[in-house]
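There are 2 protein chains.
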Amino acid sequence: MKTAETIEDVRASVAEAKASGKSVGFVPTLGGLHGGHFSLIDAARQVCDYIVVSIFLNPTQFAPGEDLDRYPRNTEGDLAACSDRGVDLVFIPSVETMYVDGALTEVTVKYLSDALCGRSRPGHFPGVCTVVAKLFNIVTPDKAFFGDKDYQQAVVVKRMAADLNFPVEIVTCPIIREDDGLAMSTRNRYLCQDHRRQAAALHGALELAGEMIRRSHPPAAEVIEAVRRRLADAAPDGKIDYVQVVDTQSLRDVEGTSGPVLVALAVAFAGARLIDNTVVDSATG
Amino acid sequence: MKTAETIEDVRASVAEAKASGKSVGFVPTLGGLHGGHFSLIDAARQVCDYIVVSIFLNPTQFAPGEDLDRYPRNTEGDLAACSDRGVDLVFIPSVETMYVDGALTEVTVKYLSDALCGRSRPGHFPGVCTVVAKLFNIVTPDKAFFGDKDYQQAVVVKRMAADLNFPVEIVTCPIIREDDGLAMSTRNRYLCQDHRRQAAALHGALELAGEMIRRSHPPAAEVIEAVRRRLADAAPDGKIDYVQVVDTQSLRDVEGTSGPVLVALAVAFAGARLIDNTVVDSATG
Numbered sequence: 001m002k003t004a005e006t007i008e009d010v011r012a013s014v015a016e017a018k019a020s021g022k023s024v025g026f027v028p029t030l031g032g033l034h035g036g037h038f039s040l041i042d043a044a045r046q047v048c049d050y051i052v053v054s055i056f057l058n059p060t061q062f063a064p065g066e067d068l069d070r071y072p073r074n075t076e077g078d079l080a081a082c083s084d085r086g087v088d089l090v091f092i093p094s095v096e097t098m099y100v101d102g103a104l105t106e107v108t109v110k111y112l113s114d115a116l117c118g119r120s121r122p123g124h125f126p127g128v129c130t131v132v133a134k135l136f137n138i139v140t141p142d143k144a145f146f147g148d149k150d151y152q153q154a155v156v157v158k159r160m161a162a163d164l165n166f167p168v169e170i171v172t173c174p175i176i177r178e179d180d181g182l183a184m185s186t187r188n189r190y191l192c193q194d195h196r197r198q199a200a201a202l203h204g205a206l207e208l209a210g211e212m213i214r215r216s217h218p219p220a221a222e223v224i225e226a227v228r229r230r231l232a233d234a235a236p237d238g239k240i241d242y243v244q245v246v247d248t249q250s251l252r253d254v255e256g257t258s259g260p261v262l263v264a265l266a267v268a269f270a271g272a273r274l275i276d277n278t279v280v281d282s283a284t285g
Numbered sequence: 286m287k288t289a290e291t292i293e294d295v296r297a298s299v300a301e302a303k304a305s306g307k308s309v310g311f312v313p314t315l316g317g318l319h320g321g322h323f324s325l326i327d328a329a330r331q332v333c334d335y336i337v338v339s340i341f342l343n344p345t346q347f348a349p350g351e352d353l354d355r356y357p358r359n360t361e362g363d364l365a366a367c368s369d370r371g372v373d374l375v376f377i378p379s380v381e382t383m384y385v386d387g388a389l390t391e392v393t394v395k396y397l398s399d400a401l402c403g404r405s406r407p408g409h410f411p412g413v414c415t416v417v418a419k420l421f422n423i424v425t426p427d428k429a430f431f432g433d434k435d436y437q438q439a440v441v442v443k444r445m446a447a448d449l450n451f452p453v454e455i456v457t458c459p460i461i462r463e464d465d466g467l468a469m470s471t472r473n474r475y476l477c478q479d480h481r482r483q484a485a486a487l488h489g490a491l492e493l494a495g496e497m498i499r500r501s502h503p504p505a506a507e508v509i510e511a512v513r514r515r516l517a518d519a520a521p522d523g524k525i526d527y528v529q530v531v532d533t534q535s536l537r538d539v540e541g542t543s544g545p546v547l548v549a550l551a552v553a554f555a556g557a558r559l560i561d562n563t564v565v566d567s568a569t570g
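Protein chains in written order, with my numbering: chain A, 1 to 285; chain B, 286 to 570.
No lab work stands behind these hints: they were computed from the structure. Using N, Cα and C, we set each Cβ at its ideal position, and we do this for glycine too. Be careful, since some hints might not be right.
Unchecked claim - So these bits of chain B aren't anywhere near chain A, every CB distance computed over 10 Å:
1. V332
2. A447
3. N450
4. R515
5. A517
Claimed, not checked - Taking lysine-lysine pairs in the BS3-like style, the calculated list, with each CA pair at most 25 Å apart, reads:
6. A:K18 - B:K303
7. B:K307 - B:K395
8. B:K434 - B:K395
9. A:K18 - B:K524
10. A:K18 - B:K428
11. B:K395 - A:K22
12. A:K18 - A:K2
13. A:K22 - B:K434
14. A:K110 - B:K395
15. B:K395 - A:K143
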């Protein structure tokens, strides 16, 4: 496995791989790799010949006061895990490599970026879109892999890639969960033991929502109310940022739940803001 | 010469050219080709093996009430001229090909887009940046060619390409002028005979500015005043949008003229809004 810290090194390695006819799969990450990331790498390995992982804790997708400064870093462990998983190239640039002095360009996706997490994190998705556009231009992958845990991110990035005609296929992969249902996340490492136990309720509440919708597709408001009650009971220390039932494409709130809907939530335990979601289609079960 | 109306056709032709080791030069245009465009094609031909011209009257860079509906189109003549000049591929997409339903993504370059023409055309440069990003991803050129007549556009596109790490070199080419000094522009075709005569004063006023700056590098305000007086005298029907003396990189107003400066102006004759500029460096003459 190679590691590259400069854009030139990435381009040279990828060009070499492409010249030998290899297809390039790309998994962009913030580091702090876990089972969710590993599933993306495995998925990439299944369908691509040359696998690139980026480890870049992108500051522009964090607002002042968010957890950029304490975000868990584990570069040595991340590199070892990538090597074990058959990654060919890890791109691990500095902030200065990614953002030259005087950079002024921003890529934004209207509406989709303002929904759900965008309400409490207004600069987040512009930061994500801009860095993903940069990484696509640096890595020039054939396919890029994103996890469904960050469902809104996947929707936004798909829209961005299509709208700007990036010659990159966006592949999304299922949420990977701990044994008790908690969606894997780098931020789970922030949780104290008690909060870690309560955090399993996020998935439990989403399962409850799925059951309700599949059983009788009630109004979204009823589903939201039930999810909030379950969270209040089972995760009393969790501060709910949002619980929403939205269209799976537009991410706009829906009133009914008879079509396919996304039930999404964000809950903060002390400084650990966790998100989770489920897509429920009452028609297909 | 090939023509392509679909993105797939462009990609196939460019891939074939690249596979045979050819470098790709790209000249994006709105159509209505003139000597300025031809100079860009010639410049591309000098340094690239495979030349792609796009002809796309991009609606998103025009505001409501601007001249999108009457912008001179001459597709047959444009194609003949491209063929004569040795262009390999003309990409001539429909609006529907370039903008799918539900597109939501915008590429913006802060500050630089708000200066000069951006003040009276606030959506213009976001429209330009977004379509250029799209075209770069469709054509994947090695080099792209832009004219100095649209100096601000070149600065903005260079910033965008660098910030987003597009693997494209932006090449700028000198302004091409008519015999009386008027900068070549598709919009010159709007001018009646009398206004066409007056319009030569734009270049005359910029030459005056250049002489003043080279002679004694006076305060920018004096240069602007002299340019405005000259325009009032020699182009009395021209409505001045702006006359500015700005930094050549930041495009911010300067007070002194001892460094290299850009003198830029926009003047409208009836419905014909014309722009012109000159870079003056009093140090080097």
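Hint check results:
Taking the minimum C-beta to C-beta distance to chain A, about 20 Å, the non-interface status of V332 (chain B) holds against the 10 Å cut. With 10 Å as the threshold on Cβ separation, the claim that A447 (chain B) sits away from chain A is violated: the shortest Cβ distance comes to roughly 7 Å. Not every Cβ of chain A is farther than 10 Å from the Cβ of N450 (chain B); the closest lies at roughly 4 Å, contradicting the non-interface assignment. Distance check for R515 (chain B) against chain A: the nearest CB is about 34 Å away, which clears 10 Å, and the non-interface claim stands.
In this structure A517 (chain B) is separated from chain A by more than 10 Å, as the shortest Cβ-Cβ distance comes to about 35 Å. A threshold of 25 Å between alpha carbons decides the hint, and for K18 (chain A) with K303 (chain B) the separation of about 13 Å falls inside it, so the pair holds. As the CA atoms of K307 (chain B) and K395 (chain B) are separated by approximately 35 Å, the hinted pair breaks the 25 Å bound. Between K434 (chain B) and K395 (chain B) the CA atoms are separated by roughly 21 Å; this keeps the pair inside 25 Å, and the hint holds.
This hinted pair does not check out: K18 (chain A) and K524 (chain B) have alpha carbons roughly 55 Å apart, beyond 25 Å. A hinted pair counts as satisfied when its Cα atoms are at most 25 Å apart, and K18 (chain A) with K428 (chain B) qualifies at roughly 20 Å. The suggested pairing of K395 (chain B) with K22 (chain A) is violated, with an alpha-carbon distance near 38 Å, which exceeds 25 Å. Pair hint K18 (chain A) plus K2 (chain A) holds up; C-alpha atoms about 16 Å apart against a cutoff of 25 Å.
The suggested pairing of K22 (chain A) with K434 (chain B) is violated, with an alpha-carbon distance near 43 Å, which exceeds 25 Å. As the CA atoms of K110 (chain A) and K395 (chain B) are separated by approximately 17 Å, the hinted pair is consistent with the 25 Å bound. For the given pair, K395 (chain B) sits about 30 Å from K143 (chain A) by alpha-carbon distance, which is inconsistent with the 25 Å threshold.
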